[in-house]
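Colleague: So you can see what is in the structure, the chains are spelled out below.
Protein chains: 2
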Amino acid sequence: MYKILSQFLTSIAYAMLCTTLFAPERNLFFEAENNYPITIGVEVEKQVESFSSSFEKIDVYTTKHCGNMLVLDGAIQLTQWDNAAYHEMIAHVPLLNHPHPKRVLIIGGGDGGTLSEVLKHQDVAKVTLCEIDGEVIRVSQKYFPEFSKSFSDPRIRAVIDDGAAFIQQYHDYFDIIIVDASDPEGPACVLYSEEFYTDIFNALTADGIVVAQGESPFFHRDLIKEWHIRNKKLFKHAAYYYALVPTYPSGVIGFMYASKSFAPDHHKFLDSKQLPENLHYYTPELHDASFILPAFINSIFK
Amino acid sequence: MYKILSQFLTSIAYAMLCTTLFAPERNLFFEAENNYPITIGVEVEKQVESFSSSFEKIDVYTTKHCGNMLVLDGAIQLTQWDNAAYHEMIAHVPLLNHPHPKRVLIIGGGDGGTLSEVLKHQDVAKVTLCEIDGEVIRVSQKYFPEFSKSFSDPRIRAVIDDGAAFIQQYHDYFDIIIVDASDPEGPACVLYSEEFYTDIFNALTADGIVVAQGESPFFHRDLIKEWHIRNKKLFKHAAYYYALVPTYPSGVIGFMYASKSFAPDHHKFLDSKQLPENLHYYTPELHDASFILPAFINSIFK
Numbered sequence: 123m124y125k126i127l128s129q130f131l132t133s134i135a136y137a138m139l140c141t142t143l144f145a146p147e148r149n150l151f152f153e154a155e156n157n158y159p160i161t162i163g164v165e166v167e168k169q170v171e172s173f174s175s176s177f178e179k180i181d182v183y184t185t186k187h188c189g190n191m192l193v194l195d196g197a198i199q200l201t202q203w204d205n206a207a208y209h210e211m212i213a214h215v216p217l218l219n220h221p222h223p224k225r226v227l228i229i230g231g232g233d234g235g236t237l238s239e240v241l242k243h244q245d246v247a248k249v250t251l252c253e254i255d256g257e258v259i260r261v262s263q264k265y266f267p268e269f270s271k272s273f274s275d276p277r278i279r280a281v282i283d284d285g286a287a288f289i290q291q292y293h294d295y296f297d298i299i300i301v302d303a304s305d306p307e308g309p310a311c312v313l314y315s316e317e318f319y320t321d322i323f324n325a326l327t328a329d330g331i332v333v334a335q336g337e338s339p340f341f342h343r344d345l346i347k348e349w350h351i352r353n354k355k356l357f358k359h360a361a362y363y364y365a366l367v368p369t370y371p372s373g374v375i376g377f378m379y380a381s382k383s384f385a386p387d388h389h390k391f392l393d394s395k396q397l398p399e400n401l402h403y404y405t406p407e408l409h410d411a412s413f414i415l416p417a418f419i420n421s422i423f424k
Numbered sequence: 123m124y125k126i127l128s129q130f131l132t133s134i135a136y137a138m139l140c141t142t143l144f145a146p147e148r149n150l151f152f153e154a155e156n157n158y159p160i161t162i163g164v165e166v167e168k169q170v171e172s173f174s175s176s177f178e179k180i181d182v183y184t185t186k187h188c189g190n191m192l193v194l195d196g197a198i199q200l201t202q203w204d205n206a207a208y209h210e211m212i213a214h215v216p217l218l219n220h221p222h223p224k225r226v227l228i229i230g231g232g233d234g235g236t237l238s239e240v241l242k243h244q245d246v247a248k249v250t251l252c253e254i255d256g257e258v259i260r261v262s263q264k265y266f267p268e269f270s271k272s273f274s275d276p277r278i279r280a281v282i283d284d285g286a287a288f289i290q291q292y293h294d295y296f297d298i299i300i301v302d303a304s305d306p307e308g309p310a311c312v313l314y315s316e317e318f319y320t321d322i323f324n325a326l327t328a329d330g331i332v333v334a335q336g337e338s339p340f341f342h343r344d345l346i347k348e349w350h351i352r353n354k355k356l357f358k359h360a361a362y363y364y365a366l367v368p369t370y371p372s373g374v375i376g377f378m379y380a381s382k383s384f385a386p387d388h389h390k391f392l393d394s395k396q397l398p399e400n401l402h403y404y405t406p407e408l409h410d411a412s413f414i415l416p417a418f419i420n421s422i423f424k
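First to last, the protein sequences are chains U and X.
First residue of the first sequence? That's 123 in the working numbering, and the numbers climb one at a time after it.
First residue of the second sequence? That's 123 in the working numbering, and the numbers climb one at a time after it.
Derived from the structure by calculation, the hints contain no laboratory data.
Be aware that one or more of the hints could be misleading.
Repeated chains share a single entry, so a pair holds when one copy, or any two copies, can fit it.
Stated by the list, open to error - Think about it this way: if two alpha-carbon atoms lie no more than 20 Å apart in a straight line, the pair counts; the simulated DMTMM-like pairs of lysine to aspartate or glutamate are:
{"id": "1", "residue 1": "LYS186", "residue 2": "GLU153"}
{"id": "2", "residue 1": "LYS424", "residue 2": "GLU407"}
{"id": "3", "residue 1": "LYS271", "residue 2": "ASP329"}
{"id": "4", "residue 1": "LYS271", "residue 2": "GLU399"}
{"id": "5", "residue 1": "LYS264", "residue 2": "GLU307"}
{"id": "6", "residue 1": "LYS186", "residue 2": "GLU268"}
{"id": "7", "residue 1": "LYS354", "residue 2": "GLU317"}
{"id": "8", "residue 1": "LYS355", "residue 2": "ASP294"}
{"id": "9", "residue 1": "LYS242", "residue 2": "ASP344"}
{"id": "10", "residue 1": "LYS179", "residue 2": "GLU307"}
{"id": "11", "residue 1": "LYS354", "residue 2": "GLU316"}
{"id": "12", "residue 1": "LYS424", "residue 2": "GLU399"}
{"id": "13", "residue 1": "LYS358", "residue 2": "ASP305"}
{"id": "14", "residue 1": "LYS358", "residue 2": "GLU171"}
{"id": "15", "residue 1": "LYS424", "residue 2": "ASP305"}
Assemble the whole structure, with the sequences as input and the hints as a guide.
Modeller: Printed below as a string of structure tokens:
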């Protein structure tokens, strides 16, 4: 009786082991942990980092087709394959919309991707990068070496601090502020608040521009609407634009643009400037076009 | 000894049973069957149809957040939640680019979504829809009732036939041809061939326009490049534009535009026309903007 039972259980266990471990390639997929109607799965080779910092869970994967991939609290932050759209559009849109962007602040952006794009601008004299989580910088320098050299540029000062507290020291100082934050859960939550944007307004010069990671227009309509209403009250110009990023939820990421002086889509100073080199996504024509939104996104702002 | 072994195996089997059957909501996800670096998963409630027609495998799911979803040969064709972008952009871009689109041919499009958008144009006198698979029409009328009434419009003639053969009967006849095809695998393969486009050219009037489902600019660069080169040889104008569709691979779908007379992005006739009603995605400004491509897509065409 024991023999039959043990044989029976052995065969069940073996069948289930095969199903779980060997059969489905699904085991090789990382899937973003979120509650959106659609999930993104990326085929991975290996999990090369997995630990919790003081602020968030940090995972790094090598993937089959997308290069290295950074994941914070279960959400894909960037892959080597498709990060250019995000980093170019969050950096070059404000920088090319401003005639002389000398002082730039990046809040978040510890991976160095936005920083690398900002440093392509010769008129930028000083970049301050304020990242709350030093572990993001450390891990990114290891797995995204294409961005790591930007941290040794003489124009950059990296600060490990809470961006919301850090910005309160400044008044009428930065020409451009880029909020390169993760989702409004966990440590980045405060970076979506009204108080933070009042501080941003105060830290900007009289013709300053702020651009922020602006979530998915498919999944965060209420957040984007409220945020835009607040920005419209504070700033002369408030607008929204977008870029295609297949590994982000819904395949598209928006950006909030607000400025004290310069309208979002004119980059009229570009004629007297040099276009940054090695662009994969940004073009001057697309700069304007990316503010022209599908009707269902426009309706958020009405 | 048997007792210990059986207890051990029982506990393993139980643990694995729990993991496999109860823990992951993953069982509720449909994932598109393709070989792209990124997979799209949609949370489903129930599979309500699953059978093979003479041409392809047809599945319909009810989903948790995206309404009903049609899947052909493992690839998501449409969901009730996000189909508007595709159907509006494949229909209104050519129709609003033409001063008097009277005769329209839709090849494929058995779900009726493109047809519904085409019929919003009062100047359209006759629409021929040529779908190879009658089962797609039957199933879609059941699960996408919002499109089904378009099949009873007096202006429409639905034909169950191979579009590549059907089009050879026509010469200098259609003002607009819309190729609303699935991927270049299975029955739609022929709809990407040079011969087919020569037949399309011949079937179009002297100022005719063709627009076709143009795959993902992230995943089908070679196909798009070759196709565009051919179209440029045949037609006066050849261009590419795109729309955001989260349930399609990479979250974006392109369209091939080719025309004997009218440039792609001017819709200069719009002033004298009425804009179709109930638009969720298309706007006249977006019409132009959707032809302005990110640098990495532009580079396909260089």
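Colleague: Each hint: holds or not?
Modeller: Taking the hints in turn, this is what the structure says about them:
no.	hint	verdict
1	LYS186 <-> GLU153	both (14 Å within a copy, 18 Å between copies)
2	LYS424 <-> GLU407	between (26 Å within a copy, 17 Å between copies)
3	LYS271 <-> ASP329	neither (30 Å within a copy, 54 Å between copies)
4	LYS271 <-> GLU399	within (16 Å within a copy, 53 Å between copies)
5	LYS264 <-> GLU307	neither (26 Å within a copy, 41 Å between copies)
6	LYS186 <-> GLU268	within (19 Å within a copy, 40 Å between copies)
7	LYS354 <-> GLU317	within (15 Å within a copy, 54 Å between copies)
8	LYS355 <-> ASP294	within (19 Å within a copy, 57 Å between copies)
9	LYS242 <-> ASP344	neither (35 Å within a copy, 31 Å between copies)
10	LYS179 <-> GLU307	within (12 Å within a copy, 41 Å between copies)
11	LYS354 <-> GLU316	within (12 Å within a copy, 52 Å between copies)
12	LYS424 <-> GLU399	between (37 Å within a copy, 18 Å between copies)
13	LYS358 <-> ASP305	neither (26 Å within a copy, 46 Å between copies)
14	LYS358 <-> GLU171	neither (44 Å within a copy, 54 Å between copies)
15	LYS424 <-> ASP305	neither (24 Å within a copy, 37 Å between copies)
Violated hints for the displayed structure, listed by number in ascending order: 3, 5, 9, 13, 14, 15.
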